[in-house]
Amino acid sequence: MESLITFLLDASNFALALLLVTLGLIIIYGLMNVINMAHGEFFLLGAYCVVLIQNARLPFWCALLLAPVVLALVGLAVEELIIRHVYRRFIDSILATWGISLALKQIVIIVFGPTAQSIVSPIPSPVQILTVTYPAYRLFIMGFTVVLAGATFLFFYRTRIGLAIRGVIANRPMAASLGINTRFLDRSTFAIGAALAGVAGAVMAPIMSVDPQMGVGFLIPAFLSILVGGTGTLLGAVVGTAAISGTTTIVANTWSQVVAQIVVFTMAIIVIRLFPQGIMARRS
Amino acid sequence: MLKIEGLIAGYQHGSRVLDGVSLNVHRGEIVALMGRNGMGKTTLLRTITGHLFPTGGAISFDGKPIIGRPSHEIANLGIGYVPQGREIFSEFTTEENLLMGVIGKRHLPNRIPNWAYETFPVLRERRLQRAGSMSGGQQQQLAIMRALVGEPKLLLLDEPSEGIQPSIVQEIARTLRRTAQEKQLTVLLVEQNLDLVLGMASRSLFMENGRVVDEAPVEKIRLSSEFVEKYLSV
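Going down the list, the protein sequences come from chains D and Y. If you use the numbering used here, the first sequence corresponds to residues 78 to 361, in order. If you use the numbering used here, the second sequence corresponds to residues 534 to 767, in order.
So here's chain D without its partners, still in its complex pose:
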């Protein structure tokens, strides 16, 4: 019983952080048809914002503000300097963003060194849930990511600018002919996607090993989530992340991390075979 509760809490932790990364990735892909291989490094940079804040002896919470701001700026710069030149060149965009990914990772190694940084937990005390003692900070992660993911959904489904972005995703030339500035939306959406990954990295930093390789650990499951959930709707991201992170944690807990990887990849292949457009795609 105790281990089950702990397990469920751990699983939702991972799932929710993954959801933030996946949402950014899916929005960028949906809008610009760019598979952003550097998305894991946006997560990575977010985590290193925490290192910066810690080295500056500022309270951890500043990092949760700094990370999205820094990553939005990084996103804007990357979009302006590189991405916009490879729109509508699908393979080139994969190559270009992969290059960005390598460059960002190397910059982190140059600045902070290749070794793992330790982050002091901002809420060190545990709390009692039913019969288990659980780190309070992990509960904070859950609350924070739920609110942020909820806000992202509200932004996309309840605001005018969200409607415009969904319109551009659905039919870019038509949206442009209705007067919608697609260029502006590309730019801001890329920044929003990067900021989401950054804030996810920052909030997860205290419970992860913060090292230059941590980005890829989120990029791959995020991709698998999109493959499983489909790119058609943001809801696909929720279904996909739930399926991928659920399977990963269950199998990793029962057997081992290696088996978990095998099972997750096999599952992704089967889902792609059965639902080429993803589980949430509208069947017309």
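Simulated from the structure, these hints should not be mistaken for lab results. The reader is advised that the hints may include incorrect statements.
[Claimed, not checked] To spell it out: a stretch of chain Y is covered by chain D in this simulated footprint if at least three of its residues, at any positions, have a beta carbon under 8 Å from a beta carbon of chain D; those stretches are:
#: 1; region: 592-605
#: 2; region: 610-621
#: 3; region: 631-642
[Stated by the list, open to error] Derived, one-sided and incomplete: chain D residues facing chain Y with beta-carbon distance under 7 Å:
#: 4; residue: 237
#: 5; residue: 241
#: 6; residue: 244
#: 7; residue: 250
#: 8; residue: 251
#: 9; residue: 255
#: 10; residue: 257
Glycine residues also receive a C-beta, built at the ideal position from the N, C-alpha and C atoms.
Put chain Y on the given structure of chain D with help from the hints.
Relative to chain D, chain Y alone:
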């Protein structure tokens, strides 16, 4: 209001789907553009709306040259576009589709004006319905209203009668003509349906092989089958 001179454009480099189009549409006029399939009518509209860059010629709207401007700027200058095949956002509700028509316009408030639903009451009934699940005629009314709520000065219509039953075509024609009059709207109507053209336009241009080759007032087209035989029958 819309002045096009010697326009040359095509889809591949060197191809000339438009081979020197020249035409003039005056303020407040409803002008039809007729011709067989493949003569360049849709290509012309796509070039005016900035989706296709011409290799030669000039387009001016309200005295301003518009070639080279992005589509969203052209829309904001006051050119509304109802493309062939309607291109409504099928996953969106009717209301969301209409909102798409106003949120991109700098000078308009971000809400749907009442007259939109008064003009096409069926859109109010289907306000929260997924647009893709409506009939062809309703979708066409939606596509037209989505352009009209943006309060364009010039409306470009591409085959609004395509795939729609004749009774609805007549209704759309009547409503459009009335709305155009009330709003002092200029309309360029690309059509092959003679009834719609006779019911709406004051004159028609005829297009052949990428050029405007002839024009006639609708009274003349109504009386003589010469134009239809020459430019429309296959």
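Checked hints:
no., hint, in the structure
1, 592-605, "holds (count 3)"
2, 610-621, "holds (count 3)"
3, 631-642, "holds (count 7)"
4, 237, "holds (5 Å)"
5, 241, "holds (5 Å)"
6, 244, "holds (5 Å)"
7, 250, "holds (6 Å)"
8, 251, "holds (5 Å)"
9, 255, "holds (5 Å)"
10, 257, "holds (4 Å)"
Hint violations for this structure: none, all hints satisfied.
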